[in-house]
Structures are given as structure tokens and as C-alpha cells.
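*Asks:* The hints should help you fit chain W onto chain E, whose structure is shown.
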Amino acid sequence: MRKWGDDSNSSTRGKNQPYKFQLVGLVVGIFLLIGCLMLSITLGAADVDLATVWQALTAFDGSTNHLIITNVRLPRALVALLVGAALAVAGALMQGLTRNPLADPGILGISTGAAFAVVLSTFFWGNVSVQVQAWVAFAGGAIAAVSVYLLSSVGRSGITPLKLILAGAVLSYLLSALTTGTLILSQRTLDEVRFWLAGSVAGRDLNILLQVLPYLLIGLVLAFSMGKQITALTLGEDVAKGLGLKTGWVKAIAALVVVLLAGSAVALAGPIGFIGLVVPHIVRFWVGVDYRWLLPHAAVWGAILLSLADLAARLVIKPQELPVGIMTALVGAPFFIYLARSQVKR
Amino acid sequence: MKPIEPPWLVIRSSAWPLSFKINRRAPLVLLGLAVAALLVMIWSVGYGEYPISPLDVIKTILGLPTTNPDDAFVINTLRLPRVIVAFLVGAGLAIAGTILQGLTRNPLASPEIVGVQAGAGLAAVSLIVLFPSLPAFVLPIAAFAGAFIAALLVYGLAWERGSAPIRLILVGVGVGAIASALSSLLITFGNIEDVSQALVWLAGSVYGRTWEHVQALLPWLGVFIPLSLLCARDLNTLNLGDEVARGLGVPIEWQRGLLLITCVALSGASVATAGTIGFVGLMSPHLARQLVGPAHEGLLPTAALVGGLTVALADFLGRSLFAPIELPCGVITAVVGAPYFLYLLYRNRNA
Chain E
0 MRKWGDDSNS STRGKNQPYK FQLVGLVVGI FLLIGCLMLS ITLGAADVDL
50 ATVWQALTAF DGSTNHLIIT NVRLPRALVA LLVGAALAVA GALMQGLTRN
100 PLADPGILGI STGAAFAVVL STFFWGNVSV QVQAWVAFAG GAIAAVSVYL
150 LSSVGRSGIT PLKLILAGAV LSYLLSALTT GTLILSQRTL DEVRFWLAGS
200 VAGRDLNILL QVLPYLLIGL VLAFSMGKQI TALTLGEDVA KGLGLKTGWV
250 KAIAALVVVL LAGSAVALAG PIGFIGLVVP HIVRFWVGVD YRWLLPHAAV
300 WGAILLSLAD LAARLVIKPQ ELPVGIMTAL VGAPFFIYLA RSQVKR
Chain W
0 MKPIEPPWLV IRSSAWPLSF KINRRAPLVL LGLAVAALLV MIWSVGYGEY
50 PISPLDVIKT ILGLPTTNPD DAFVINTLRL PRVIVAFLVG AGLAIAGTIL
100 QGLTRNPLAS PEIVGVQAGA GLAAVSLIVL FPSLPAFVLP IAAFAGAFIA
150 ALLVYGLAWE RGSAPIRLIL VGVGVGAIAS ALSSLLITFG NIEDVSQALV
200 WLAGSVYGRT WEHVQALLPW LGVFIPLSLL CARDLNTLNL GDEVARGLGV
250 PIEWQRGLLL ITCVALSGAS VATAGTIGFV GLMSPHLARQ LVGPAHEGLL
300 PTAALVGGLT VALADFLGRS LFAPIELPCG VITAVVGAPY FLYLLYRNRN
350 A
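As given, the protein sequences belong to chains E and W, one line each in that order. Per numbering that gives the first Met the number 0, residue 0 is the first one in the first sequence, and the count goes up by one each step. Per numbering that gives the first Met the number 0, residue 0 is the first one in the second sequence, and the count goes up by one each step.
So here's chain E without its partners, still in its complex pose:
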């Protein structure tokens, strides 16, 4: 077996930039994100202007436009923002943890685990509420992630990048076959979950968002606080140990954070692929390889990217809409191919 993951450090291009540059970059990103949020709230099947948005937030009068904004547009924009941030940070952590430039929450089977859990619950209990669905997805994703982690950590050498990817790919394949099998047995289930299965941020209300929010925030805060340790890990296991890092603990906590982030993202929006893969690479171009800066930048740009993807998904075939998961796959997969072409020289 060839350990193609081991040369991943070649992917970490870009120079480490001075502190000021990083901070300014982050602020610019946040402003861009606010712009995206405004676009996301104002554009759609019914266009509303910014003044109305402002009124809806400050002086709510119960009119249709105001209701649309507070019950549909705003939750949706926030869900896209948070899911994008969570997926991007989870992806960045995984790429650092596995030293594999092609790692992504989808690859570790987290999304397929969640999808299978939701399909199974719908099969047995019928059309469950979106809230229950979110919890089921969370549990399924977490179980899948833990299984992959345990499976790939057997043996003397512990977790290697190749073993992790192998275990993840195989578990994903198994779970998606089981999902297809269940859907064949029950057409009713198929009809109820097929939109969710493609990944979507539509129709989530603030209530669900608030339930998942604590996990998301804990995950993000933990992730941001681990920047230094992850950076050390990317230098290699031995170097990290030499620097006095308890690598086992760091890896375990980072894995937990990945589960928290990716699990909540799937619970909110279904399986959305490629954000976790693409964003860290884009951000590395101007941030460099320091995870203390890389992680917050990834969060901001993940939020921007998923907001834009959701916007595009709404506008491409207006008044209908595409599931945003398909948009991200159609943009992300070519990028994956580009990465594979440019980074695998042998």
C-alpha cells in the first residue's frame, strides 16, 4: 500500500503572514459575510428591500413580508452560515489531523451515517418532525464517526491517514447501500426523505437552530482554541511529540470536535459535501499553514461559500429551487479533481 497521504505537507502552500495581515483579512471576510447575509435575506422568490428587513427586525408588524423575513429568510440564512462554518472548520481539522489534503466530513462516513439513521427512523416511525430528525441525524453521524475512528485506530501504528480513509470509504459504502436497500423496501420513505438526502437548508426554523446551536458553538470554540496543537500535529507525529505535545489527547479531542461540528451540520442541513474539502484549501492560499488563523478564516469563508451556494440554488431555477448539496457537489467535485491533478505528482 502506498501512503499517498504522507506527502500532504506539500499542499500547505502559502507563506505565514504577519499578525496584522491576518486580522485585516478576517475583518474583510466578516464584512463580505454580512453582505452575503443581506443578499440571502433580500433575494428569493419574493424580493424584499433592506429597509423592510430592518423594519422586520426592529419594528415587527406581522405583515406577510415581515413574516417571510423572520420565519423563513432569516433562519435559512443563519442555518446556511452556521452549517458552512461548521463544515469548513471540521474539514480543516480533519485535513490537519489526518495530514491528508483530501479529507472531508463526507469521506469519514459521517454524512452517510446520519443519512442512514434518518432514513431508518422514517422507515420505522413514519414522517417524524424535523426536530426529531435533527437529533437522529446527529446520533447517526456521531456513531459513524466514532466507529470509523475506532476501526482505524486498531494496531500498533495507531491511526494512519490511509487506514482512516479506507475505513471511512468502506463504511460509507456499506451505509449508502443499506440506505438504498431501505428506500427500495418503502416508497413512502423515499418520498419523505429524498429532498433531505440531497442536502438542503430550506424549511429549518429558529427553534431547531437553537437546539443544535450549543453543540455547534462549543465545537467552534474548542476548534479555535486548538490551533496551535493542530499546527504542531501537521509537522508530523514525532515532531509534535518532540515539542512536548500529548498527541493522543489532541487527536482524541480534535476528533470529538469534528463529530460535534459535522454532526450538527448534518442535523441542520442533511449531507452537504465538499465545503469541508474545498474551503481549507482556498483559505490556505492567503492564510498559510498556521491553524490558529486558518481555522477562523475557514469558518468565515465556509459561511460565505455555503450562503452563496444556497443563494444560487434558490435563483437558478426560480421559483423552484435546487437542493444546495447538489450545488456544492457540482462546484466542489471539479475542485477536488483539480487538487488531485495538481498535488499528486507521482
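Don't take every hint at face value.
To list a few chain W residues with every Cβ distance to chain E over 12 Å, as calculated [stated by the list, open to error]:
| id | residue |
| --- | --- |
| 1 | A35 |
| 2 | I60 |
| 3 | A178 |
| 4 | L341 |
Ranges between beta-carbon positions, derived for each pair [what the hints assert, rightly or not]:
| id | chain 1 | residue 1 | chain 2 | residue 2 | range |
| --- | --- | --- | --- | --- | --- |
| 5 | E | V127 | W | S132 | 33 to 39 Å |
| 6 | E | G202 | W | P250 | 54 to 60 Å |
| 7 | E | Y337 | W | E192 | 57 to 63 Å |
| 8 | W | L133 | E | G202 | 33 to 39 Å |
Hints are computed from structural coordinates only; laboratory data are not their basis. Think of the CB as a built atom: it goes at the ideal place given N, C-alpha and C, for glycine as much as any other residue.
*Replies:* Positioned in the frame of chain E, the structure of chain W alone reads:
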């Protein structure tokens, strides 16, 4: 001192430019697998709502009179072609998987991983969902075209001053992801009845296959399986790495192209007949390697028999486990294949 017997059997011909080196165990293993496959198929043909004893099955197939004249219709028209299709499809997928793994030197490679099956799947799903009124015979043609286009894309996109094996796999994963995103787009918006049908196809099933399917499949297997055997030695050499192979005088890009075409033809024909049956192409080569070692002359036929046996068995289990509900055999192969693969991972844990 008695000389140690080499583990290899070398077969050479002076008249033809041929020479095969196979494991000594290979003939025995092949025989055993063939017998096992025959037994499973006979058992499977006899199984069903209208059960027929294995002896009667054999008699009917050989054309001898049996106690019940209805047997002949049930066996020859309904069950036998289905079981034969299952075996052939398994053999085709297994050879395709073995070639890909040898070619890319990666144990994870298989038609479903490098996007060939996803391409075929997308073509078939779009046909079923977008043009449900088209006649059924168009479906395999479309699936085959889909597999071929996907393979062409993968090879073309992976080309950068040569086609490095790892790049082939990764680009394959990417192309596969695009194809399955488009498939799931169709699944999301299609008419629910059509989508249900497309799903059975995506899961891989030999339900309702007839002699026509056997006829459609045979020429492909008949041409490309022997071709793959002729390339076995080059596969052995390619396995040593590009530099070594080039040093030994193998024209690697040509050889790789030819082997890829073989692989696409075999998996394309299989997928066109039975949908996307996963894990057979991934798993059979590993099992075969444990039985007869890594030399491709013995490995390829062994893998073919293992694959055929697996799919025949999976089809039988799919029909019998939840009878009268029928599970597609692709679901069964995945449920059996994944634990096996995880076991492989565990066994190699200290590697």
C-alpha cells in the same frame, strides 16, 4: 538433500509467444470454486415459490424427463437465465476490479470507486427518470456509454505527462461524485414511481433477467476475459511500479490504456445488465489473492470464479432472506463485503 519444490507452475509454449506462471495450488482452487459455483447455482435455480429438487434441476438442464413437466418452463425460462446472468456479471466485475487494482497498485481501486459505475448509473437513471417511455433495450446501451464516457473523462483528466495511478483513482472519485450528484438531482425531482425503479437499478439487481441478457453479455466477456489473461504478465510487471516496468520494456501508457479499455468493457457490460453491484470488484481480488497469491495468471481466473460465486450467492440470499420481499443482490454484496473489508483492515493493522 531434496530440492525444494517451487511454488510455481510454469507453462510455456514454443509455438506461441505465451508463457504462464501460476501458483501450484491454482488448478485445485479453480476446480473447487467451479464446483462450489455450480452447486450454488443449481440450488438457487431450485429455490423459489415453486420449489424444485436439485436432482430435478440437473435433469431438466440436461434435457432428461422429470416427474413434473412444468419444471422445464420454470427453470429454462424464468430462473436459469437469471442465475447465469448473476454469475457472469460477478465474473466480469471481479476481473475488472482485479485489473484496476493491479494497474493502480491500490487495494481500494474498483469500478465503483473510480467513477465508472457512477457514470453508468447516471446514464441509466436519467433514462429511467427523464424518458420512462423509451423501450427497455436502450437502457444497457446507455449505461455502457455512460461507463465509457466516465472512464474517458477520468483518464483524460488524470493525464499530466503520463497517467499516475494515484491520480487516476482520485480523479475517479471526483468524477464519480459529480455523476452521483447529478443522479441524486434526478432522484430528488423525478416522478416517484420512476425514481423507485431507478433505485432498484442503482442498487444492482438481476431480477427478471432473460436469455437475451445472457446473449448480450457473453460476447463482451468472451472477448475481454481472454484478452485480460493475455495481459496478465504485463499486469505483473506494472505492479512493480512504473519505472521498473518501463525498464523491463513494457510500453506502460499503451498497456495501461488497453487494460483500462478491458476494465471498462467488462464492468460496463456487467453494469449495463445488472445495475451497479458494489464490492464485488473490490472484494474478489483480495479473496483470490489469499487463495492463489499475487501472480495475475492465476489470480484473474480465480477472481472471476470468486466474483461469479459471490453474486450468485448474493442473489440467492436476496431472494430468500426476506421472502416474499426481494432485496437487490447489490445490497447483499455490500452488507457482506464491507465487514470483510474491515476485517482486511484489521488483519493488516500492523502493516
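*Asks:* What are the numbers of the hints the structure violates, in ascending order?
*Replies:* The structure conflicts with hints 3, 4, 7, although it agrees with all the remaining ones.
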